[in-house]
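Combine both chains into one complex, guided by the hints.
The listed protein sequences correspond, in order, to chains A and B.
Here the numbering used here is used: the first residue of the first sequence is 1, the next is one more, and so on.
Here the numbering used here is used: the first residue of the second sequence is 1, the next is one more, and so on.
Since the hints were derived computationally from the structure, they do not count as laboratory data.
Backbone N, C-alpha and C fix where the C-beta goes; we use that ideal spot for every residue, glycine too.
Hints may contain errors.
With a Cα cut of at most 27 Å, we get these calculated DSSO-like pairs of lysine-lysine [said to hold, decoys possible]:
(1) A:LYS240 - B:LYS194
(2) A:LYS246 - B:LYS198
(3) A:LYS253 - A:LYS437
A few chain B residues that face chain A, going by a derived Cβ cut-off under 7 Å, partial list only [what the hints assert, rightly or not]:
(4) GLY73
(5) ASN75
(6) ASP76
(7) ARG161
(8) TYR164
(9) TYR183
(10) TYR186
If you want the building blocks of each chain, they are given just below.
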Amino acid sequence: MHRQRGLFKFTQHTGLEDHHYARMTRREFLAIFAAGATSSITQTQQLGGMASRGVRPQPRGKPSGLPFHAHFTDVAYHAGLRAPVVYGPPDRMDYIIESMGCGVAFLDYDNDGWLDIFLLSGTRREGPVEGATNRLYKNNRDGTFTDVTTKAGLVRQGWACGVSVGDYNNDGFEDLFITGWPQNILYRNNGDGTFTDVTEVAGLLHPGKRWGTGCTWVDYDRDGRLDLFVSNYLDFDFDKIPPTGKDPNCNFKGVPVNCGPRGLFPERPMLYHNDGDGTFTDVTARSGVGAAAPEFGLAVVAADLDGDGWQDIYVACDSTPSLLFHNRGDGTFSEQGLQSGLAVNEDGNEQAGMGIAIGDFDTDGRLDALKTHFAEDTVALYRNIGHLVFDDVTLRSGLGVETRYVGWGDGIVDLDNDGLPDLFWVTGSTFPEVQRKHPEYAHKTPRVLFRNLGGSRFEELLNAAGEAIAEAHSSRGVAFGDFDNDGDLDILIMNMNEPPSLLRNDVRGGGHWLKVKLVGTRSNTSAIGAVVTAMYGGRRQAQAVLASSGYLSCGDRRLHFGLGTATTADLEIAWPSGVHESVKGLRANQLVTVKEGVGVVGRERFGL
Amino acid sequence: MTQIVAALLVIAVGISQGQLQRPGVEAHISRGVQLMQDQLFEAASGEFEQALALNPEDPRARLQFAVCLLSLGRNDEARRQFEQVRKLAGESRYVTYYLGRLDLLSNDYASAIRRLGSVAEDPPFPDTVFYLGVAYISSGDVAEGTKWLERAAQLLPRDYRVHYRLARAYSSAGREQKASREYDLYSQLRDEHKNTEKDVRACSSALRTEPLATAREVCHRIYDPNDPEKLTLLGQLFGDAGAFAEALEPLRQAVQLDPNSFEAWHNLGVSYFRLQRYGEARAPLEKAAALRPEFYGSVVLLGATLYMLGEDDAALPVLEHAHRLNPNDTETTAVLEKLRAGRKKE
Numbered sequence: 001m002h003r004q005r006g007l008f009k010f011t012q013h014t015g016l017e018d019h020h021y022a023r024m025t026r027r028e029f030l031a032i033f034a035a036g037a038t039s040s041i042t043q044t045q046q047l048g049g050m051a052s053r054g055v056r057p058q059p060r061g062k063p064s065g066l067p068f069h070a071h072f073t074d075v076a077y078h079a080g081l082r083a084p085v086v087y088g089p090p091d092r093m094d095y096i097i098e099s100m101g102c103g104v105a106f107l108d109y110d111n112d113g114w115l116d117i118f119l120l121s122g123t124r125r126e127g128p129v130e131g132a133t134n135r136l137y138k139n140n141r142d143g144t145f146t147d148v149t150t151k152a153g154l155v156r157q158g159w160a161c162g163v164s165v166g167d168y169n170n171d172g173f174e175d176l177f178i179t180g181w182p183q184n185i186l187y188r189n190n191g192d193g194t195f196t197d198v199t200e201v202a203g204l205l206h207p208g209k210r211w212g213t214g215c216t217w218v219d220y221d222r223d224g225r226l227d228l229f230v231s232n233y234l235d236f237d238f239d240k241i242p243p244t245g246k247d248p249n250c251n252f253k254g255v256p257v258n259c260g261p262r263g264l265f266p267e268r269p270m271l272y273h274n275d276g277d278g279t280f281t282d283v284t285a286r287s288g289v290g291a292a293a294p295e296f297g298l299a300v301v302a303a304d305l306d307g308d309g310w311q312d313i314y315v316a317c318d319s320t321p322s323l324l325f326h327n328r329g330d331g332t333f334s335e336q337g338l339q340s341g342l343a344v345n346e347d348g349n350e351q352a353g354m355g356i357a358i359g360d361f362d363t364d365g366r367l368d369a370l371k372t373h374f375a376e377d378t379v380a381l382y383r384n385i386g387h388l389v390f391d392d393v394t395l396r397s398g399l400g401v402e403t404r405y406v407g408w409g410d411g412i413v414d415l416d417n418d419g420l421p422d423l424f425w426v427t428g429s430t431f432p433e434v435q436r437k438h439p440e441y442a443h444k445t446p447r448v449l450f451r452n453l454g455g456s457r458f459e460e461l462l463n464a465a466g467e468a469i470a471e472a473h474s475s476r477g478v479a480f481g482d483f484d485n486d487g488d489l490d491i492l493i494m495n496m497n498e499p500p501s502l503l504r505n506d507v508r509g510g511g512h513w514l515k516v517k518l519v520g521t522r523s524n525t526s527a528i529g530a531v532v533t534a535m536y537g538g539r540r541q542a543q544a545v546l547a548s549s550g551y552l553s554c555g556d557r558r559l560h561f562g563l564g565t566a567t568t569a570d571l572e573i574a575w576p577s578g579v580h581e582s583v584k585g586l587r588a589n590q591l592v593t594v595k596e597g598v599g600v601v602g603r604e605r606f607g608l
Numbered sequence: 001m002t003q004i005v006a007a008l009l010v011i012a013v014g015i016s017q018g019q020l021q022r023p024g025v026e027a028h029i030s031r032g033v034q035l036m037q038d039q040l041f042e043a044a045s046g047e048f049e050q051a052l053a054l055n056p057e058d059p060r061a062r063l064q065f066a067v068c069l070l071s072l073g074r075n076d077e078a079r080r081q082f083e084q085v086r087k088l089a090g091e092s093r094y095v096t097y098y099l100g101r102l103d104l105l106s107n108d109y110a111s112a113i114r115r116l117g118s119v120a121e122d123p124p125f126p127d128t129v130f131y132l133g134v135a136y137i138s139s140g141d142v143a144e145g146t147k148w149l150e151r152a153a154q155l156l157p158r159d160y161r162v163h164y165r166l167a168r169a170y171s172s173a174g175r176e177q178k179a180s181r182e183y184d185l186y187s188q189l190r191d192e193h194k195n196t197e198k199d200v201r202a203c204s205s206a207l208r209t210e211p212l213a214t215a216r217e218v219c220h221r222i223y224d225p226n227d228p229e230k231l232t233l234l235g236q237l238f239g240d241a242g243a244f245a246e247a248l249e250p251l252r253q254a255v256q257l258d259p260n261s262f263e264a265w266h267n268l269g270v271s272y273f274r275l276q277r278y279g280e281a282r283a284p285l286e287k288a289a290a291l292r293p294e295f296y297g298s299v300v301l302l303g304a305t306l307y308m309l310g311e312d313d314a315a316l317p318v319l320e321h322a323h324r325l326n327p328n329d330t331e332t333t334a335v336l337e338k339l340r341a342g343r344k345k346e
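Excised from the complex, chain B in its bound form (with noise of 0.2 Å):
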C-alpha cells in the first residue's frame, strides 16, 4: 500500500500543479501522508477530511482521502470520492485503476475488466494487469484471465500471488505441466519469505543482544546483492540498531539495482546525514524529496543538510517546504527565522 502512496504523490502533484493551496492544506496532507505510511488509517482519513474542509476542490487530498476510504474497506465512499477525483482532475488512469479495484471487490467483474483492461497498455501500477487477471478468472474466462496472469507474472516476477493464480488458472484448463512449474515457483517465493523472516528475526535479536561483529554475520544471511529490497531491508535493520555505517553498503546497492526506491535513497540520506557525511547525504535525499515531495522527513534532513553544508540559500526553501508541511516543528521554525535573519543581515 506504501508504494502506492508513494506513486500517488507524484501523481497527485502533477494534478495539483499550478493550483495556489490555502495554508493549512499541505501540512493535513502531509500528516495524513505519514499516518498511511504507518498504515494508520483512521487517522489519516481524518487529515486528509480536514484538509478537505480547508479546500474542497484540492485533488490530491481527495485522491489521498478515497485511497485510505479503500484501505479502511469503506468501499462505497471510497468509490464516491474517486468519482469526485475524476471530476475535479479529469479522467486518470490511476483513478480507473482503483474503480476497477472497487469493481472487482464488489463482484462487478464486467465493469472491473472494462475499466482496468482501458489501463492495461499503460498500467498506472504494475499490479493492474493482475487484477486485470483475476476478473476475468472470476467471470468465468479462465482464458483471457491466464493470459493477463502471465503477463503479471512477467512483471512481477517475485510476487507469489500472481504464480498462485496462475498456477489455479493453468490447473483449471488441464495444463498440469505449467500449473505444477508455477505451482514450484510459488512455493519457492514463499519458501524464501520465510526465511527471510527467520533471518530478520535473528538479525534483529542479534543487532539487538551481540556485538556488532556478531550481528554483522547474522545480518548478513539477509544480503542478496540482486535483490533491492532484501538489501534496503538489511540497510534498514542496521540503521534502526544504530549501526549507519554497517547500513551504507547494503542501501548503496539498493538504489544502484532500484533508483525508484524512495525507501533506499532515505535511509541511504539518513545514514550518511547520522554520520555527519553530509556532502554525501545531500544527492540520496534529494532524490528521495524529489520522489516523496510530501514526505516530511526527507524534506526536513534535505534542510538540514544544506544548512550544515552551509548552502543556506539552498536550505531555505527546502526548510520553508518542510515547515509548510509540519508548521508545528518549532525547531524548523527556529532554524528557519535564524537563515531569514542571517539573510536581512546581509
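Chain A with its partners taken away, still in its complex shape (with noise of 0.2 Å):
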C-alpha cells in the first residue's frame, strides 16, 4: 500500500501521464504529421488545414551587391484605385471561402493602347456590402483611371475568384471571363465600352453550386477559336461546412482556423469546347480532363509547355498533387504531372500549390514554371528540360532561402530590363486569427523579389526595389503589365479588404526592351497560345501570350522582353494554329505589333 502510493505521487508529480508516450520517429510517420512541430501538434494541422510541411530557410549568402534597378512606388491611391476589395471579415476568416481571395486583370479593353485594369471583389456572408463590387477601371493615359464598371454593365457583388480575357469571339474586344462560387459569368464585350451577361446563352451556366478558381482560355484543338478551362477548388457550402471553432481538427498552430482544404471533397476541373456559334460545350469526360483524380485546384495556366504546337494545361492544386493536362493533338489530354516533374517537388512530396508563373527564366528557349506554396515551405520553381520534363531546381537556384509566407500570385518576369527574367510574388496569410497568439505568423506580409543572378541563381531583394515591395497586405492576385507605356512592367496586386497596390516600376540603369503584340488571324484574335522566342544579346528567350497567370489573375497580352545592353532582337513566332513565323532585326525600346501571316504592322515608340 505503501508503494502504491508512492507510485501514484510519483507519476503523477513526474507528469509521466502526459509525455512519456514518445513520439513516432520514423519519417514516413513524421511525413504522416508533417514535419515542424511535436506529433500530435503536427497531426491537427494536418487534418484541419493547408499543408504547412515545416521546411527551414536555407542559410542566405552573401550579398552580390549588384545595383537593381527597378524601383517600384505604389501609387493606387494616387491613380485612383480607391476601393477596397471586399473578401469576407477584415479580422477573422471562418470559412476557407473568405481566405482565398480573388484575381485582377490587365487588360485593354476598348484597344485605345493603354491597359485598363479589372478588379474581382468578394463579399461577406453576412449580406452584401455596400460599393463592393467587381470593378473596372479606364487608363486615362495621364496615370490615373477612372472607374467605368457602371457604365461598363459590370456591377456585380459575390464571391468572385479568377478571371481569363481573351477574344472568344474573335470580334476583336477582349471578352471577360470570371470564376467564383456559386456560378462562374461569361461577359461578352460588346465593342462600345460595355459588356453582357452571357453566361446562360453560351451555355456556361452550371447546375448547382460550384467553386470555380483558376480559368484561362486555351484554343486545345487549334480551330482557332478560344476554348475554356475551369479549375474547381472544393464541395463548398456554408451550410455543410463547420466554421471556425467548430471542429477541434481545424486548427493552425493550436488556434482555431477556418477548415479546410484536407478534410473537405477536393473537385475536378472541367473543359468546355467553344462551338464557333457563341455557345460552348462540356468536354469534360470526352477529352480527358474528367478522368484525372479530382484534387484542390486552384490557378491554372495553358501554355505549348513541350514545343509540340499544343496547348497544355498545368493546375496548381493545393496539398494535392498538381495536374499537367498534356494535349495529345487530338482533341484529348493526359494526366502527366508526375512523369513531368510538375506535381510535386523534388522529393516527391505534394505542396499547396496557389500561384503558377510560366516564362524562362534561364534563356534557353524552353518555358520553366514557378509555382508558389504556403509558409513554411519553398516555391518550386522547376527548370524544363525538354520533352515535357521539368527538374526542381528551387534549391539549387538559392530560392530556399525564403520560407516565411504564404505565396500566391506569382510571376517570371524581366523586372530591371537586363535581360535576365526575375521572380515576384506577394504574400498573405490565410488565418489573421493565428497572429493574435503567434505574431511570426502575420497576416499581413510583404512582397518577395528575386533578383536573377544569371546561371540559374537568383537573391532575393529585401530593400533593394523600393519601399512598395517590402510593404505589408495579405495579397492574393496579381498581374505584369505596363499601364503606363514606360517600357517596363507595373505590377498590380489585390490585397484582401483593402485597396489595390498598383507598383509603378521606375527603372534606371539603361537596359533595352522590346515589346510584342500579336493579332491572330488563322489562330485566335488574341493570340493566346503563342509562343514568341526572342534572341538577343546571345540570349534565347521565350514567352507566351497567356489568358491566365499567377494566381486566379491576367496580366498584358503585350509581351515584354527586357534586353539589356542589346539594342536589337529578332523573334521567332509559333502561333496557335501551328504557323511560324520569323522576324529579324528589330530595333529595341519599341512596341512591335505583329500579325498573323503578314509581319509586323505597327511600331511604336514610347517610354523614351
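Okay, structure coming up:
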C-alpha cells in the first residue's frame, strides 16, 4: 500500500502521463503528421488545414552587391484605385472561401493601346456590402484611372475568384470570363465600352453550386477559337462546412482556424469547347480532363510546354499533386503531372499549390514554371529540360532562403530590363486569427522579389527595389503589365479588404526592352497560346501569350522582353494555329505589333 | 529527425565513454534531447549551449548542438560545430555524413560525393546512400546517381522519396519501363500514407468520442501485422487514449518486427507499467533505456518499475541516473532519499 501511494504520487508529479508516450520517429510517419512540431500538434495541423511542411529556410549567402535598377512605388491611391476589395471579414476568416481571395487583370478593353484594370471582388456571408463589386477602371493615359464599372455593365457582388481575358468570339475585343462560387460568369465585350452577361446563352451556367477558381482561355484543338478550362477547388457550402472553432481538427499552431482544404472534398476541373456560334459544350469527359483524380485545383496556366504546337494545361493544386494535362493533339489530354515532374517537389512531396507563373528564367528558349505554396515551405521552380520533363531546381537556384510567407500570385518577369527574368510573388496569411497568439505568423506580409543573377541563380532583394516591395498586405492575385507605357513592367496586386496596390516601376540603368503584340488571323485574334522566342545579346528567351497567370489573374497580353545592353532582337513566333514566323533585326525600345501571316504591322516607340 | 537523434545518443555515449562530466551537463543534454524529440530546436540548442558552457570539450553536447543547428537551417554554424566535434572526438562517419549533407545543401556536389561516398559502404544511417545518389544526380552524373538510388531503394524500400527520385532518374535516362515501375511504387506508398492519415484521424476521433469497442473496430484499419511503424502508431494511439490493454498487442508485435525501435519498447513498457504489470514492464523499459540512455522518460520509469518490484538495489543507480538527467524532479529526489535512507538503516 505504501508503495502504491508512492507510485501514484511519483507518476503523477513527474507528469509521466502527459509525455511518456514517445513520438513516432520514422520519417514516413513524421510525414503523415508533417514536420515542424511535435507529432500531436502537427497531426491536427494536417487534419484541419493547408499543408505546412515545416521546411526551414536555407541560409542566405553574401549579397551580390550588384545594383538593381527597378524601383517600385505604390501609386494606387494617386491613380484613383481607392475602393477596397471586400473579401470576407477583415479580422477573421471563418470559412475557407473567405480566405482565398481573388484575381486581378490588366486588359485593353477598348483597344486604345493603354492598359485598363479589372478587379474582382468578394462579399461577406452576412449579406451584401455597400460598394463591393467587381470593378473596371479605364486608363486615362495620365497615370490615373476612371471607374467605369457601372457604365460598362459590370456591377456585380459575389464570391468572384478568377479571371481570364480573351477574345472568344474573334470580334477584336477582349471578353471576360470570371470564376466564383456558386457560379461562373461570361461577359461578352460589346465593343462600345459595355459588356453583356452571356453565361446562360453560352451554355456555361452549370447546375448546382460549384467553386470555380482558376480559369483560362485556350484553343486546345487549334480551330482558331478560344475554348475554356476551369479548375474547381472543392465542394463548398456555408451550410455544410463547420466554421472556425466548431471542429477541433481545424486549427493551425494550436489556434482554431477555418476548415480545409484537407478533410473537404476536392473537385475535378472542366473543359468547355467553343462551338463558334457563341455557345460552349462541356467536353470534360470526352477530352480526358475528367479522367484525372479530383484535386484541390487553384491557378491554371495554358501554354505549349513541350513545343509540339499544342496547348498543355498546368493546374496548381492545394495540398494535393498538381496536374499537367498534356495535349495529345487529337482533342484529348493525358494527365502527366508526375511523369513531367510538375506534380510534386523533388522529394516527391505534394505542396500547397496556389499560383503558377510561366516564363524562361534561364533563357534557354524553353518555358519554365514557378509555383507558390504555403508558409514553412519553399516555392517550386521547375526548369524545363525538354520533352515535357521538368527539374525542380528550387534549392539549387537559391530560392530556399525564403519560407516565411504564404505565397500567391507570381511571375517570371524581367523587372529591371537586364535581359534576365526575375521572380516575384505576393504573400499573405489565410489565418488572421493566428497572429494574435503567434505574432511571427503575421496576416499581412511583404512582397517577395528574387533578382536573376544569371547562371540559374537568384538573390532575394529585401530592401533594394523600393518601399512598395517591403510593404505588408494580405495579397492574393497579381498581374504584370506596363500601364503607363514607359517600357517596363508595373505590378497590380489584390489586397484582402484593402484597396489594390499598383506598383509603378521606374527602371533606371539603361537596360533596353522590346514589347511584342500579336494579332491572330488563323489563330484566335488574341493570339493566346502563341510562343515568342526573342534572341538578343546571345540569349534566347521564350515567352507565351497567356490568358491566365499567377493566382487567378491575367496580365498584359503584350509580351515584354528586357534586352539588357542589346539594341536589337530577332523573334521566332509559334502561333497557336501551328504557323511559324520569324522577324529579324528589331530595334530595341519599341512596341511592335505582328499580325499572323502578315508580319510587323505596327511600331510604336514610347518610354523614351 | 528523431530517429537520427536516437542514433546520435548511442554515438554520443560511445564518444564520451571514459570522460567525467561536470554536474549539470547531463541534465542539459537530457533536456535538449527531449526538446529535440519534440522538435523544439531553438530551445534545445539553448540547452546544448548551456551544457557546452559548463564543458566545452563535451563532444556529445557539441554533436547534439550541431544537429540542432542543422535542423534550424543554421548551416554555416552547424558546419563549424561538426568540425569541432571532429577535432574533439576524431574522425567519425556520423560527422562525415552530416558534413556531406551540408555540402549537398550548399550545392557543393563534389564535396558531398566525396564525403558521403567515403561512408557509403558502412553507412551511418540508411539514407546515406540516398543522399549520395542525389548528389550524383545533382552533379549531372545520372548513371552513378541511379546506381546509388537503386541501393537506397533496397535499404529503404518504403521511402517514397527514394522511389520518386529513382523514377525521375530512370525517366531522364529514357528507361521508361523502370521509371513507370518506380512511379507506381511511389504512388502506392504515397496512397498508403494518405490512407493511414485518414485512418489515424478516424481512430483518434473514435477514441475520443466513441465507446472503446467501437473505436477498436475503427482503429483496426491501421493494423498491419507486417509493418512495425503502423503497429507502434496503433499502440501509441491506444496509449494516448488511456487504453493501455489495447496497446499491448500491437506494441508486442512491433518490437518483434523491429527490435531496435525505441518507441515501441518504451511504449510497451509504459503500457505494462500503467497496467501495473511491473514484472512485464521491466524488460521493455530496460531495452528502451539501453537504446536511449539519456531519455529521461524511459530511465525514470525503469527506476520506478524496479522500485515497485522491490528491487531497490537495482532501482537506486537507475534513479540516480534519472536524477542526473533531470535534477529538478523533486519526486525522484524524494524517492532517492527514501531508498538511500532505507539502505542506511540496513
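Query raised in the report: Which earlier hints turn out false for this structure, listed by number in ascending order?
Result: none
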